[in-house]
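Go ahead and model the full structure; you've got the sequences and the hints to work with.
Here is what each chain is made of, one letter per residue.
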Amino acid sequence: MKSLEELKAIRERMQGQVGVRSADSSDTRVVVGMATCGIASGARPVLNTLVSEVNEKKLENVTVTQTGCIGLCQFEPIVEVFEPGQEKVTYIKVNPEKAKEIVEKHLIKGQKVEEYMLHKGAEHKGYADFVKFDEK
Amino acid sequence: MYRAHVLVCGGTGCTSSGSAKIIDRLHEELKKNDLTNEVAVVKTGCHGLCAEGPVMVIYPEAVFYSRVSEEDVPEIVSEHLLKGRIVKRLVYREAVSENGIESLNDTVFYKKQTRIALRNCGVINPESIDEYIGTGGYEALGKVLTTMTPDDVIQTITDSGLRGRGGAGFPTGLKWKFASGNRGNVQKYVCCNADEGDPGAFMDRSVLEGDPHVVLEAMAIAGYAIGADQGYIYVRAEYPIAVERLRIAIGQAREYGLLGKNIFGTDFSFDIDLRLGAGAFVCGEETALMTSIEGNRGEPRPRPPFPAVKGLFQSPTILNNVETWANIPRIILNGPEWFASMGTAKSKGTKVFALGGKINNTGLVEIPMGTTLRTVIEEIGGGIPNGKKFKAAQTGGPSGGCIPAEHFDIPIDYDNLLSIGSMMGSGGLIVMDEDTCMVDIAKFFLQFTVDESCGKCTPCRVGTKRLLEMLEKITDGRATMDDLDKLEELCYYIKENAQCGLGQTAPNPVLSTLRYFRDEYVEHVVNKRCPAGVCKKLVTYKIDPEKCRGCTLCSRNCPVNAINGEAKQPHVIDLAKCIKCGTCIEKCRFDAVYID
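Taken in sequence, the protein lines are chains A and B.
The working numbering numbers the first residue of the first sequence as 117 and each following residue consecutively.
The working numbering numbers the first residue of the second sequence as 163 and each following residue consecutively.
Honestly, the hints are just simulated from the structure, not real lab data.
Given the structure is predicted, the values throughout are model-derived calculations rather than measurements.
The beta-carbon is built from N, C-alpha and C at its ideal position, and this holds for glycine as well.
Accuracy of the hints is not assured; some may be wrong.
The following label-pair restraints were derived from C-beta to C-beta distances [stated by the list, open to error]:
hint, chain 1, residue 1, chain 2, residue 2, range
1, A, Phe198, B, Phe606, 12 to 22 Å
2, A, Phe198, B, Ser231, 31 to 41 Å
3, B, Ser503, A, Glu172, 32 to 42 Å
4, A, Lys118, B, Phe606, 48 to 58 Å
5, A, Glu172, B, Asn548, 22 to 32 Å
6, B, Asp435, A, Phe198, 49 to 59 Å
7, B, Asp577, A, Lys228, 51 to 61 Å
8, B, Gly180, A, Glu172, 48 to 58 Å
9, A, Glu176, B, Glu456, 47 to 57 Å
10, B, Lys273, A, Glu231, 36 to 46 Å
Right, dumping it as structure tokens:
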């Protein structure tokens with residue numbers, strides 16, 4: 117090690133690695149539904165895209181994690197974004213390309229990607245019934 | 163890029179309960195599920211909750227699994243890692259609340275702790291220098307070498323108020339200052355005392371196992387501060403995992419040029435070598451330790467001259483304990499004010515304790531100085547098992563003393579502990595409940611010092627032996643009140659006349675138990691009774707004929723056939739044959755056996 121720059125380079129390379137190992141409640145959480153329904157409709161490439169994008173863009177306060185069945189199997193793969201103090205945003209039928217867009221627009225620029233959000237899904241068949249059921 | 167990290171404890175406790183097999187199985191199952199490129203498996207150092215081992219933490223959710231077995235691994239992989247469903251039955255019980263599952267840092271065990279010396283323990287892979295650098299490792303060394311003068315470094319450590327964590331609490335900055343004269347003109351050494359030998363202490367082992375690079379970095383910083391180019395780590399050979407990880411760490415640091423010539427392109431050169439001790443307690447005493455590194459029999463020598471003047475190979479030397487070293491890089495990076503803002507007036511920062519004895523959460527904790535014993539035992543430690551009452555806690559091992567229940571709310575720091583006749587010691591904290599006999603405890607520690615006395619000076623070699631004999635006389639019921647006075651007198655004589663710390667502190671367990679539990683000694687002497695029912699010569703086992711159902715369970719289990727009686731008739735213990743092993747009490751389902 118002949119210079120501080122070399123040390124810094126290693127640190128930056130490793131930060132994404134070890135940075136995962138802290139659970140701070142002020143973090144934004146990006147949750148991917150990874151139950152059988154999610155996996156079957158392609159949640160794993162979505163999850164992996166999100167993880168690598170977040171790391172590449174060096175978004176330090178974002179945690180990407182997974183959860184079980186969210187209950188909207190027909191809209192999988194589902195990605196939910198929880199920002200501290202804000203209502204959660206639910207994206208449906210996500211694929212790796214959409215995931216990149218969500219990172220770029222929502223997580224970096226703070227603009228929700230309306231066209232992939234659940235309420236747009238009202239046009240989908242069965243959604244109204246589901247909401248009714250949910251409100252019970 | 164891994165989306166999840168599975169941290170499995172590779173400390174001594176969890177290793178002995180099978181964590182290595184769990185790691186193998188994890189790799190196997192991840193491969194089966196095609197997850198090897200998505201999930202990282204990391205073998206870490208101690209997480210602290212040794213009682214709940216083997217432990218596993220999965221990030222990013224920070225879910226804490228306890229008492230994991232090899233058979234649980236397939237479920238964890240297919241449920242948690244593949245489908246994202248937490249395996250509730252394996253989650254550490256304290257982390258399960260009405261609102262679901264809490265993250266690790268919200269459990270009482272961790273919430274009340276401040277981890278500085280242990281910050282990387284259980285978080286990084288101790289065998290990877292890159293992970294250490296990823297958490298800011300070697301930045302303090304870089305800062306020191308490129309922006310600070312050696313005197314600045316010493317001033318920073320002095321201002322932080324850091325005191326030696328080996329037990330005596332000598333100010334670290336002052337120690338460095340004493341050794342700092344004549345830089346560049348004389349050979350000097352930096353040593354690390356990793357000869358942790360107190361019964362019940364395992365803090366240093368855990369730091370070495372969990373974060374070995376922090377010690378290397380800190381020693382290099384001290385080398386720069388006093389003008390030394392060589393360091394030695396004296397570690398006991400009974401710590402094989404710690405030794406192995408230190409070897410790996412030293413090799414990696416040399417490869418990266420963080421040890422060796424011209425570190426960070428400066429003129430500063432520093433290297434470290436390991437020296438293994440054979441496990442003699444006295445070699446934890448600084449002069450004996452250095453004599454042992456020199457290759458001689460590990461015996462202490464008189465001070466002065468102090469090591470800062472004439473130490474290893476007759477050269478100025480500083481020797482600090484593992485935990486002291488573990489604090490140094492953070493103080494350099496965060497500043498002395500940050501460190502001094504924690505703790506009490508004269509004891510700054512935090513202290514690591516190894517919790518053991520009659521306590522639920524046996525393990526490793528780091529608390530700010532000034533935390534009360536009550537918080538440590540009742541909250542972090544999870545209280546005493548089986549609803550028993552707290553009687554006393556022993557700090558400082560065989561050199562320390564007991565803290566009775568009346569001092570339960572005393573803020574723990576160096577001076578408070580000394581004032582109540584105990585000492586900080588290296589950090590072993592042994593909890594005792596109402597079933598503990600205090601005379602027996604004193605006897606236990608004396609037995610230890612008698613075994614470990616090096617034999618060089620008479621007060622220690624002969625004195626501790628005589629002390630032990632007097633204690634045996636008491637627990638055998640042969641002592642008189644006169645013996646109690648003699649016991650106390652001999653204690654003070656040894657304290658004043660022994661040559662090194664081992665002998666000078668050896669009577670402490672006797673003196674402190676005499677101070678707080680004199681009535682228990684008197685009960686043994688006058689009434690020939692052991693109130694806790696521990697001292698075998700003073701108790702007899704009896705069977706209450708009213709309660710005995712004649713189930714014959716006790717007589718069938720008695721190892722010496724001392725229990726007689728017909729089935730369905732009250733049994734009787736033959737006192738002449740009874741060896742007082744306690745098996746009958748354990749076996750009896752009707753509470754019929756009692757100690758008189």
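How the hints compare with the structure:
1. Between A:Phe198 and B:Phe606 the C-beta distance comes to about 54 Å, which lies outside the given range of 12 to 22 Å.
2. Judged by the Cβ atoms, the range 31 to 41 Å given for A:Phe198 and B:Ser231 holds: they are separated by roughly 33 Å.
3. With their beta carbons about 37 Å apart, B:Ser503 and A:Glu172 fall inside the hinted range of 32 to 42 Å.
4. The beta-carbon spacing between A:Lys118 and B:Phe606, approximately 54 Å, falls within the hinted interval of 48 to 58 Å.
5. Between A:Glu172 and B:Asn548 the beta carbons are some 54 Å apart, a value that contradicts the proposed interval 22 to 32 Å.
6. Look at B:Asp435 against A:Phe198: about 51 Å separates their beta carbons, and that is inside 49 to 59 Å.
7. Here the CB-CB span from B:Asp577 to A:Lys228 is close to 58 Å, well matched to the stated 51 to 61 Å.
8. In this structure, B:Gly180 and A:Glu172 break the distance hint of 48 to 58 Å, their C-beta atoms being roughly 38 Å apart.
9. Checked against the given bound of 47 to 57 Å, the beta carbons of A:Glu176 and B:Glu456, roughly 49 Å apart, stay inside it.
10. Checking the proposed 36 to 46 Å range against B:Lys273 and A:Glu231 shows it holds: the Cβ atoms sit about 42 Å from each other.
Checked against the numbered hints given earlier, the structure breaks hints 1, 5, 8 and satisfies all the rest.
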